[in-house]
Structures are given as structure tokens and as C-alpha cells.
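4 protein chains.
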Amino acid sequence: MCTDSKASAILLMHCPDKRGIIAVVSEFICKNNGNIIFLDQHVDEVTGAFFMRIEWDLAEFVIPREKIGEYFDVLIGQRYQMEWELHFSSEIPRMALFVSRLPHCLFDILARWKSQEIRAEIPLIVSNHQDLEPVARQFGVGFAHFDMTRENKAEQEAAQLELLRKHQVGFIVLARYMQILSEDFVRHYPNRIINIHHSFLPAFPGAKPYHQAYERGVKVIGATSHYVTAELDCGPIIAQDIIRVSHRDSVADLVRKGRDLEKLVLSRAVWHHLRHQVLVYQNRTCIFT
Amino acid sequence: MCTDSKASAILLMHCPDKRGIIAVVSEFICKNNGNIIFLDQHVDEVTGAFFMRIEWDLAEFVIPREKIGEYFDVLIGQRYQMEWELHFSSEIPRMALFVSRLPHCLFDILARWKSQEIRAEIPLIVSNHQDLEPVARQFGVGFAHFDMTRENKAEQEAAQLELLRKHQVGFIVLARYMQILSEDFVRHYPNRIINIHHSFLPAFPGAKPYHQAYERGVKVIGATSHYVTAELDCGPIIAQDIIRVSHRDSVADLVRKGRDLEKLVLSRAVWHHLRHQVLVYQNRTCIFT
Amino acid sequence: MCTDSKASAILLMHCPDKRGIIAVVSEFICKNNGNIIFLDQHVDEVTGAFFMRIEWDLAEFVIPREKIGEYFDVLIGQRYQMEWELHFSSEIPRMALFVSRLPHCLFDILARWKSQEIRAEIPLIVSNHQDLEPVARQFGVGFAHFDMTRENKAEQEAAQLELLRKHQVGFIVLARYMQILSEDFVRHYPNRIINIHHSFLPAFPGAKPYHQAYERGVKVIGATSHYVTAELDCGPIIAQDIIRVSHRDSVADLVRKGRDLEKLVLSRAVWHHLRHQVLVYQNRTCIFT
Amino acid sequence: MCTDSKASAILLMHCPDKRGIIAVVSEFICKNNGNIIFLDQHVDEVTGAFFMRIEWDLAEFVIPREKIGEYFDVLIGQRYQMEWELHFSSEIPRMALFVSRLPHCLFDILARWKSQEIRAEIPLIVSNHQDLEPVARQFGVGFAHFDMTRENKAEQEAAQLELLRKHQVGFIVLARYMQILSEDFVRHYPNRIINIHHSFLPAFPGAKPYHQAYERGVKVIGATSHYVTAELDCGPIIAQDIIRVSHRDSVADLVRKGRDLEKLVLSRAVWHHLRHQVLVYQNRTCIFT
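Residue numbers (our numbering), protein chains in the order written: chain A, 1 to 289; chain B, 290 to 578; chain C, 579 to 867; chain D, 868 to 1156.
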């Protein structure tokens, strides 16, 4: 449901399942004059964990915005051992794009941004190559080039982190960035770096997945968008999709068909992330839409 | 989520949207020692209608089963002008299958029933032809043949209704039944007759949709499962799916490929119906899964 | 199969089916030192028509390029009453884009063009609005604005046709152009105007298909790319695809999800057209890929 | 294209690519009064191998059926170093079904067989359990039970092979047969044992793929039908398909949703095999449809 136009609060939470959580949380909102405009919950029967995304209209809510978190935590969160995060629809996230040489995901994201489908600030495009600087310029976004070698990696990543801090970047989208981020780098943006991998993971992780797919003779190829973790291509999956292929498709055809998947799947993941619809738990995601 | 094993109550409701409905309903359940195991809600922004499906564990629920509806209505339903229905997971619905000559949907449903995917009693298969009587016998289900002509239709439908009553049939599945039910017949089973139409409605309603699809040269064909209403092929859609086709596909190929769609889409609709996941409103459905 | 790198000839043909056509055509190519790199054929069993796309390497072909058509017609085409067209992979088609206000298809096509997925010249973007002029400029393509009213339509279309002639435009892509072309205009580009309609035709033709889809409560929405003919939204379909939707999706959500379909389906149609993979016959298409 | 009704010959071949193969083969058929009703070819650009499936009407073909192979080989096959196989549409293949305890694929295949979608003799159902004997009996097919232990495996497989020979079984369908066939067994039916694996291979090979998929948190699950080779779940893939899943889906839900995929994908593979549309080469398949 599209709720852009209203000032609303979004609470994502998880905790051990217990009777009455929904009642307590919805009463908290209701008693304070909030109107719930979205509620979806899930219980993991294996672990007994409870998950919820709840969004409410702030128009007449009596608790001041900057106090909601505190009140919620004291009155409810601590009692139920919740881990929670609170967002406001009025906050415009700031995202950085990391790219290498392939332009299709970059073009797609920037076009969505220009046509206001993606509601975010994009202060910065970072790249280990200079090829896509003209695209950045064409769309009026700053471009920072970091030449990466085995030797200078730690140093360059530090400089990147510094730059991201300066630009107050909240999350990073790897739009076909062909560099592996160090564990240290990833630690600065936990569940806030979105990657697109060009296979239906866990099949064909690592390099050249289309070549691998061709060799194996699969009849579908896929793309997977996931949060980046320390382990390569193993982070929590946000979105996946596939397309049918046949023996007629050369590797070049797979690459071409895959590009469409990559940009769609990446954009869906960015959409979910921007809407605070993603809850990560034990390397898996709940997507509340 | 699969909740078969537990005795639970399922409430489907809709009413004008108002602040506090979720809180009030979830508190009603919680205060009476029910544990909510499913809650999903939806607000139609156009009409301002609120929809909810809520399911809770009855193990320790203090209100006796046969009183839940009454209490709920007095305490909450009337106040919020709710239309609601209450179901219990322990009730095994009784369904009748209506067929003509094509066996694929019948085979598919009976196989799912035998392997206990479909949890229902099937007291009766009704047909306007005798071709599928051996299939009924093979699966040990009663078979009633009604020869239908323009002249005897009213009479035969009356006899069918009588038979359905006798067998306490709760809902009907038209598994490629090639007869149009009269408005009067339909009125006896409002939103309780599920049909499968072999096109992606509203494209190609009426007769011979695969021929129509072939003539039009479409690149996808579909199937649509919907509740039967007085107007042909216009009832609320429960499930739809499609499959890709090409110029190579003759009408016979479309018929063959379509069969797989038909049985899948029909079975999904039956699944949703059996789980009380379908809420009909203004000729559309909310499917809460 | 990707055959970009080689100079090849592509023959599209159809004729009444007769024994020996494939043998005769393939022998013609083979005897003259052509190496067949693609052959696909189809027989319409209903009409008895034979269709073929055949592509061969010209490297050692003995008939000079400008004589191939003549020789083929005299030696084979006339004898079998073929309708045929001959193309060369070395020819770069010239396409014009017609747009209105929505940028997503335009962005998508221009991005594919910039990254050389689309091998074509784009001398011109035509629009009845000025909104997308900046996009044209951003990508360095000429932009021609034609204000359209009921009164000036004939005149403006004449001016458009004149401009297209001047730019030697071979085919036109309507990238969400919200104007109905006159029958006369269409006659100048038979099977050479590609439109994208935002529904799975024949469902929801005409205006506001997403609103229609929402009203009908469908569980899938689609997009259809087709050649434009005199009758609105009734031309031969080149490509179609769908995406699943649910009761949660407002019209705005359908519009958003549909945009992704529209750009993909339109691009696939353009791809097939540019590769001369489309053969139109009786308002249907064979797509030889 | 559906060509059941006619007596036709089907030639599957592959050889090193060379100019003129199509011309030579199609001329062979044409000169001998055969009418080609299907021709599809493919060139693997990596290995330079040529593949073709060609089918022709035998009604007026001058070479007697039993001599076609010999003539073809002498006149063409040897010259081009072809590997080829010749089939006749009039031959009804004999297939054995191997099952364990899960009935859904067995039901599906038998229902297709009863309704004559599957044109084959089914002399025999083989199982390592007795659970599905009633299903076999219900459809009037013989059932052979082989109790399998680590100790008796070689012996039991020998007995199975003996039984298959006795029944002149041409190929085997493993319809969720939960036993690994020995390398020796497989050698008796090269590219003639079709398995269904309940994941989108190469993801999740081996045991309990739905549990693996659940653990990994994928957003799609799949099924893969492939020819059985000595290496587990690594044979040439014939058909694959997927279905979308979400965090709501428990393992039980994945199992249920997967069943529909399994039976569809397996049936598609059986269809291709029965129509002689599958050409295996270097552990991959060309599917000519």
C-alpha cells in the first residue's frame, strides 16, 4: 500500500513470541491517538520468534516524535525483550551508489530517482573505474573515483568511509560494483549495504555466474539482491527473480537477459529497504509489504 | 503459515475503517487467553473499508466455542458495524465437485484429497455426463448424473440442490463443468461456488477461450479461478496464473498447456477457500495468506 | 543466438506450404557458398502457410549483396509465391521515439542504446509535450515538439511525417506516447510502429488500464507490445509479460509495478524487430529467436 | 506443434558444423518425397557443434521405414561424422515408473496417461515401498515391490533390470523415487532415466532441498528434471521451473508448493522425451519444440 503522502511512523520489531504482543502494541498506538495504517506480523514456528511491522498515522499522535522510541521501549520493548527500530516516513534516506563499469543498474536507479519513484537523496556515486563518470554528470550526481589495488585497498576503503560519513550516507547500493568489500568496511553498514548478484543464489556464487550457468545447462537464470555480510554472496536475501533461457542462449545472451533481471531485482530490494519493509533475522529476511 | 495441527478460530471481518479496531479485536482475544497466530489486515483507501483476518489458538481460550460469535458481535462487531464470519480449523468442510467430460481438474483434486493436502469431505461428484463416473468410482466417491437440456434445466437444478442439501454440501467446485448455472442456483451458494475459467479474465470470457487466444495471437495464456455470480465469468477473482506460449502453439497445444494452469489455479483457489483466507468485497477478493 | 559480429543476410518469408521449400532455399544458400547460421520455420496447420527465417554468413557468398534479392526472387520466390524481405546485419536501422510525459520507457531505451544493447541510430525524439526535452538533451538526441489538438492533428501529423522522412526514419517506437495515430499516419509505417500498451491485451484496451484492472480485481497485470494498426490496441502482438499483484496494490502500486513490465516488454519487442525476428501474418506474429 | 496424427519420422543428429548440412539433409528428405513438418537446428558457437531435429511426413516417402537409417547413414551421416538417432511417431514408447512413498507425481503421470496426454505404455510401477500399490491397482498398472537395503542393493537392482527387460521398458521415470541408482544400473539406460529433483539445481542438491531452501531464506524455490547420470543430481537438465515463496512459508509450505512444481516439471520433461525433442550433448540438452 502506498502511504507516501502521510506523515507516519514505522516500527519494525522482533522478540520471543508471547501472548498479547499485538494487543499491547496496537493499544499503545491507539490510546495515543495513532491510526494504524499497516500491520503485518509473523511467527517463526521453528525458533518461536515474533516479528512485526506496524505503521501509523502521526497526524494526531500525542507523543512527540522524538519521544516515541523512548516511551515505546520503556512501556513495551523492554518488557518483551524486543529488538526494534523506528522510522518516519518523512525522513528522506541518503544513499550512495557504488559502481564499476556496467551502466545498466546505475541508469535504472537514476532514472527511477529522477522520476521520483525512488525517494532518496543520492549525494554520491563511488567507483573503482572512471567509465561511468559521464553518467553521474548527466544526472547531476557527484562522482568519486577510487583506484583500487590489492595494496591500497585498506587505505582506499578508509577514504571511502570518510567520504560516506561526510555525506551522511545512510545506506549503500552496490549497483554491479565488482569489488569485494572488506569485513571491516561491511561492519560500518550492517544490513545497510545492498548488493545485486547475477544468479539465483545459492547457485553460482562468486565470479562469472552466467558462464557457470551456461556450462551447467540450466533452463532458468536468476538474480539475487541481498544485504552484504562478511561472507561473500551469503547475506540475507531481499529479492530474487528468474527468467527462462534455452540452449539457444549463448553466454552473451544470458548476460543480456540477466541485465534486465539485475536491475529489476535490485530496484525491488531498494524499494523494500527505503520503505522499511525488511526485517533481518538469522540471515533471513521478513519482507512486510 | 501452516496451522493445521492446532484447534484455532478464524475471524474474517470488514467494516468502515476507524481508529482502534486492531487494538480492540486483539485485546478481546488476548484478554480471553487466546494466542494470535495470524493477523493480516488491509485498508481500502478508495472506499475507506477495513478488512482483517485473525486466527488464534483456542487451547486456553475462556469463551466456549459456541459462544464466541455472540460475544464478539455484542462486544465489538455491532459497535463497528462489522460484517464478519467465524470459522474453526477443526471443522472439515464438505465440498461437491461438478464436472463434465474433462478429467484433469477432477483427477488433480481427488489426488490432492487422497494425499490429504485437501482437508475436506467429498460426499459427491455431480455431472451432466457419464464419462467421469469411472474416475469417481476409482476414488470411491459417489457420482450423480444429471442429464441437462434446455427444457429440464430448472427441474434438474432443483434436484441437484436437493441432493446437495441432503449431503450437507458447504461449497461447490466447478472442475471444468461445462454448464452455466442459473441465477437461482447461484443464489443458494453465494461466494461458495468456485469456478475455473481457462483464460486470464477479463480477456476471453465465454466459450472457447483457447481458440480466441489463438486467433488473437497472444503470447501468454492464463486461467482464472473465481466465485460464481449471476453474471457469466464476472465473479470475484480468487487466483490467476499464466503460461507463455508462442506462434508454434496450435490450439491443441494451448489446450494442453492450459490444462496444467487450470488445475493449479483451481487448486490454489480451493486451498484459499478451505483455509478461510478469502474475503469478498465489491466483487473483489482480499486473499490473506 | 547472438550473431552481431558477422556480416550476414536475413531472409524472412512466407508462402503456401509445399514439399521441398526448405531444401530449395537452403541449397540456394549452400551452392552459393553461404553458411547458414540460423534457420527456423513454422507451418500454420490451419491456413497451410509456411514461414521461415533464415540467416547466413556472407563472407564467401558469391552473389553480390545488391543482387541477392533479385536472384532469390527469380529462382525461388516467384515459383513458390513467396512474400519475402531481405535484411543485412550490417545495416543500422534508424528509429524515432515518440513520447509524451512519462519518462520510464524513454530512459530505458536510451540507456540500452548508450550501452550498445540497442544497435540503432536514434535521430529523433518526437513528443506532444515538452516535459521530456531535458531527457533528450541529456542523452544528446534531437527533440521535436508538436503541440497536438483535435483541430491541428492532420496538419501536425503531416509535419511529423515530413520530419521522419527527412531523418530517414525506418521505424517508430511509441514509448508511452499518449496520442492515437491516425489511420493515414499508420499507413506510412505498416508493421513498423511499435507500441507498448499497459495491460495484457485483449484485456483492458483503451484508456486507464490499471484503473480497469484495479476495478476488476485481477491477480495479475500485464503489458503488451504490438505493431500499430488502424484499430486501437488490436495490432499483431510481439511480446507480452505479466506480474502478480494482490488486494494490497492500490492503483498507484499497479502503475509503479506496471512501469517495469512496460519497459521490459517494449524493449523485447524492439530487440526482436531490430533483429528481424518478427514475421507478421494475419494479425499475428511469428517470433523466430 | 502437435503432429501426433500423422505417421512421421524424427531424426535427431549432431556433428561438427559444416556448410551445407541443412541443404543436404533437407534435400535427402525432399527428393524421396518426404514433407518436412518440423526443422529446428542449433549451432554451439563454443564447440562448433551442429544440432538438428527434423521431422517429416512418411505418407509418400519412398524409402521403406526399416531402411531409412541405413540409407541416411551411408549417404549423409558418415560423411558428416554425425551421431544420430531415428524415431517414428507411430512407435509407442514403454516406460516404467519408479516411486517410493509420495504419490503426487505418480497420480499426475497416471492421470495424464489415462486422459491420453501421455502416449506411452506403462507396463510397470516399481517401488522400494508398498504404500503406492493401491494407486497402481486403482489405475490398473502392475506393481513390483523391491525391498532395498544396503546389503541387497546390487542384487535387487539386478532383479529390477531383469524385470525391465522382460517388460521391454524403453525408459524410466523416477517419480520421486527416494533411492540412488547405482552407476551400473544407470549405464543400462543412458539418457533414458528421467529424475525430478525438488530444487532449482545446482542449488540444493542431495537430501532435503526444501529444508536447505528454508534455511537459506530464498525467495524462490524450484524443481529440476534431468537425465540421471553417475553423479548425483548432476545430469543434463531437461526442464526447470520455480515458484515464489516468502518468509511466511514454513518448510511444510515449501513442500506443498513444491509438489505442484515437481509434477509439472517432471511431466514437461516426459513430454519432451516422448516427443524425441531432447538432444543431449556434453551434459547439456537442446530442447527442440
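Warning: the hint list may mix true and false statements.
[Stated by the list, open to error] Straight-line distance between alpha carbons at most 25 Å, and here's what the computed BS3-like set of lysine-lysine pairs gives:
(1) D/Lys1020 <-> D/Lys1033
(2) D/Lys898 <-> D/Lys885
(3) A/Lys31 <-> B/Lys307
(4) A/Lys153 <-> A/Lys166
(5) C/Lys744 <-> A/Lys114
(6) A/Lys18 <-> B/Lys442
(7) B/Lys403 <-> D/Lys1075
(8) A/Lys257 <-> C/Lys835
(9) C/Lys744 <-> C/Lys731
(10) B/Lys403 <-> D/Lys981
(11) B/Lys403 <-> D/Lys885
(12) B/Lys403 <-> B/Lys356
(13) A/Lys114 <-> C/Lys835
(14) A/Lys208 <-> C/Lys609
(15) A/Lys166 <-> A/Lys208
(16) D/Lys981 <-> B/Lys546
(17) C/Lys786 <-> C/Lys835
(18) D/Lys898 <-> C/Lys596
(19) A/Lys31 <-> B/Lys356
(20) C/Lys692 <-> A/Lys257
(21) C/Lys609 <-> D/Lys1075
(22) B/Lys546 <-> D/Lys1124
(23) A/Lys114 <-> C/Lys786
(24) B/Lys403 <-> B/Lys442
(25) C/Lys692 <-> C/Lys744
(26) D/Lys981 <-> B/Lys497
(27) C/Lys609 <-> D/Lys1020
No lab work stands behind these hints, which were simulated from the structure alone.
Status of the hints after comparison with the structure:
Using a Cα cut-off of 25 Å, the hinted pair D/Lys1020 and D/Lys1033 holds, with the two alpha carbons roughly 20 Å apart. For a cut-off of 25 Å, the pair hint linking D/Lys898 to D/Lys885 stands: about 21 Å separates their Cα positions. For the proposed pair A/Lys31 and B/Lys307, the alpha carbon gap of about 13 Å is at most 25 Å, so the pair holds. With a C-alpha separation of about 20 Å, the suggested pairing of A/Lys153 with A/Lys166 holds against the 25 Å cut-off.
The straight-line distance between the Cα atoms of C/Lys744 and A/Lys114 is roughly 32 Å, outside the 25 Å bound, and the hint therefore fails. Straight-line distance between C-alpha atoms of A/Lys18 and B/Lys442 comes to about 56 Å, which puts the hinted pair past the 25 Å bound. At most 25 Å may separate the alpha-carbon atoms for a hinted pair to count; B/Lys403 and D/Lys1075 meet this at roughly 24 Å. Distance check on the hinted pair: A/Lys257 and C/Lys835 sit about 19 Å apart at the alpha-carbon level, within 25 Å; holds.
Pair hint C/Lys744 plus C/Lys731 holds up; C-alpha atoms about 20 Å apart against a cutoff of 25 Å. Under the criterion of a C-alpha separation no larger than 25 Å, the hint pairing B/Lys403 with D/Lys981 is consistent with the structure, at around 18 Å. For the given pair, B/Lys403 sits about 56 Å from D/Lys885 by alpha-carbon distance, which is inconsistent with the 25 Å threshold. Between the alpha carbons of B/Lys403 and B/Lys356 the distance comes to roughly 34 Å, so the proposed pair goes past 25 Å and is violated.
For the hint pairing A/Lys114 with C/Lys835, the CA-to-CA distance comes to about 17 Å; that is within 25 Å, so the pair holds. For the hint pairing A/Lys208 with C/Lys609, the CA-to-CA distance comes to about 41 Å; that exceeds 25 Å, so the pair is violated. Taking the CA atoms of A/Lys166 and A/Lys208, the gap is about 34 Å. The hint is violated against a cut of 25 Å. Our distance criterion of 25 Å between C-alpha atoms is met by D/Lys981 and B/Lys546, whose separation comes to about 17 Å.
At roughly 15 Å between alpha-carbon atoms, C/Lys786 and C/Lys835 fall within 25 Å of each other, so this suggested pair holds. Between D/Lys898 and C/Lys596, the direct Cα distance comes to roughly 13 Å. Compliance with the 25 Å bound is thereby established for this hinted pair. With a C-alpha separation of about 28 Å, the suggested pairing of A/Lys31 with B/Lys356 is violated against the 25 Å cut-off. In summary, the hint linking C/Lys692 to A/Lys257 is supported, as the alpha carbons are separated by about 17 Å, within the 25 Å threshold.
Of the pairs offered as hints, the one joining C/Lys609 and D/Lys1075 is violated, with about 57 Å between alpha carbons and a cut-off of 25 Å exceeded. For the hint linking B/Lys546 to D/Lys1124, the alpha-carbon distance of about 19 Å falls within 25 Å, and the restraint holds. Restraint check: the Cα-Cα separation between A/Lys114 and C/Lys786 comes to about 24 Å, which is no more than 25 Å; the hinted pair holds. Between the alpha carbons of B/Lys403 and B/Lys442 the distance comes to roughly 33 Å, so the proposed pair goes past 25 Å and is violated.
Simply put, C/Lys692 and C/Lys744 have alpha-carbon atoms about 23 Å apart, close enough for the 25 Å limit, and the pair holds. Taken as a hint, the D/Lys981 and B/Lys497 pair is honoured in the structure, with Cα atoms around 24 Å apart against an allowance of 25 Å. Taken as a hint, the C/Lys609 and D/Lys1020 pair is broken in the structure, with Cα atoms around 58 Å apart against an allowance of 25 Å.
Going through the hint list in order, the structure does not satisfy hints 5, 6, 11, 12, 14, 15, 19, 21, 24 and 27.
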